[in-house]
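Working from the sequences, and respecting the hints, build out all of it.
Sequence lines, in order, name chains A and B. Take the position in the first sequence, starting the count at 1, then add 266; the result is the number in the numbering used here. Take the position in the second sequence, starting the count at 1, then add 15; the result is the number in the numbering used here.
Keep in mind the hints are simulated off the structure, nothing from the lab. Treat the hints loosely; a few may be bogus.
Unchecked claim - Here are the simulated lysine to aspartate or glutamate pairs, EDC-like style, with alpha carbons at most 16 Å apart:
(1) B:LYS59 x B:ASP71
(2) A:LYS288 x A:ASP275
(3) A:LYS324 x B:ASP71
(4) A:LYS315 x B:ASP53
(5) A:LYS335 x A:ASP351
(6) A:LYS288 x A:GLU274
Predicted model, so just to flag it, every value in this text is computed and none were measured.
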Amino acid sequence: AQSVAQPEDQVNVAEGNPLTVKCTYSVSGNPYLFWYVQYPNRGLQFLLKYITGDNLVKGSYGFEAEFNKSQTSFHLKKPSALVSDSALYFCAVRGRITSGTYKYIFGTGTRLKVLA
Amino acid sequence: NAGVTQTPKFRILKIGQSMTLQCAQDMNHNYMYWYRQDPGMGLKLIYYSVGAGITDKGEVPNGYNVSRSTTEDFPLRLELAAPSQTSVYFCASTPGGGNTEAFFGQGTRLTVV
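Here is the structure:
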């Protein structure tokens, strides 16, 4: 089965502290993984992706994510959180519909709250 | 560059009414998707299209219909609105292949009363 799990509904972190938002996945074959952020009343904005190559992927707004194949995880990280990072974060994996046809499978989202 | 444009942004429907959610993209993307977002449930795929004239059902297609007469447009039709269709609807597009990110519209917040 193809799926994505975000085990935490909400993550609270103090401004200036490092943050981690967790994501694990289940997919056959090589995983294509994505992180998106959603601000209130807005669409999803792309942050970063892992397709192949280095396990540490750098993205927008200082975010990075670490791909761990053995743990089937793709955790989102940032060394120093900002209040403006407070938003809803979604992890997604490419899922196969048919040979050559794909969809994006999303986790349930993690609300990040950065406290001043 | 507008990207993916959805209209309307908000709508209130009465039970049994019909409406069409519009989605247009100007990036010449082949793939287009409709998702609905419910609190705590993430995004669920309603319908998708891999090109003009080609559409197929996703995970939650009941109560919806789509068409794709052009590359740019991918409208979502609700024929007989039900309270269970109260949700936020997102349209997305990608060039194809699955190794690129999806580009999302701003969403349509629909309430059925």
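Hint check results:
no., hint, in the structure
1, B:LYS59 x B:ASP71, "holds, 14 Å"
2, A:LYS288 x A:ASP275, "holds, 10 Å"
3, A:LYS324 x B:ASP71, "violated, 34 Å"
4, A:LYS315 x B:ASP53, "violated, 24 Å"
5, A:LYS335 x A:ASP351, "violated, 27 Å"
6, A:LYS288 x A:GLU274, "holds, 7 Å"
Of the hints listed earlier, those the structure fails to meet are numbers 3, 4 and 5, in rising order.
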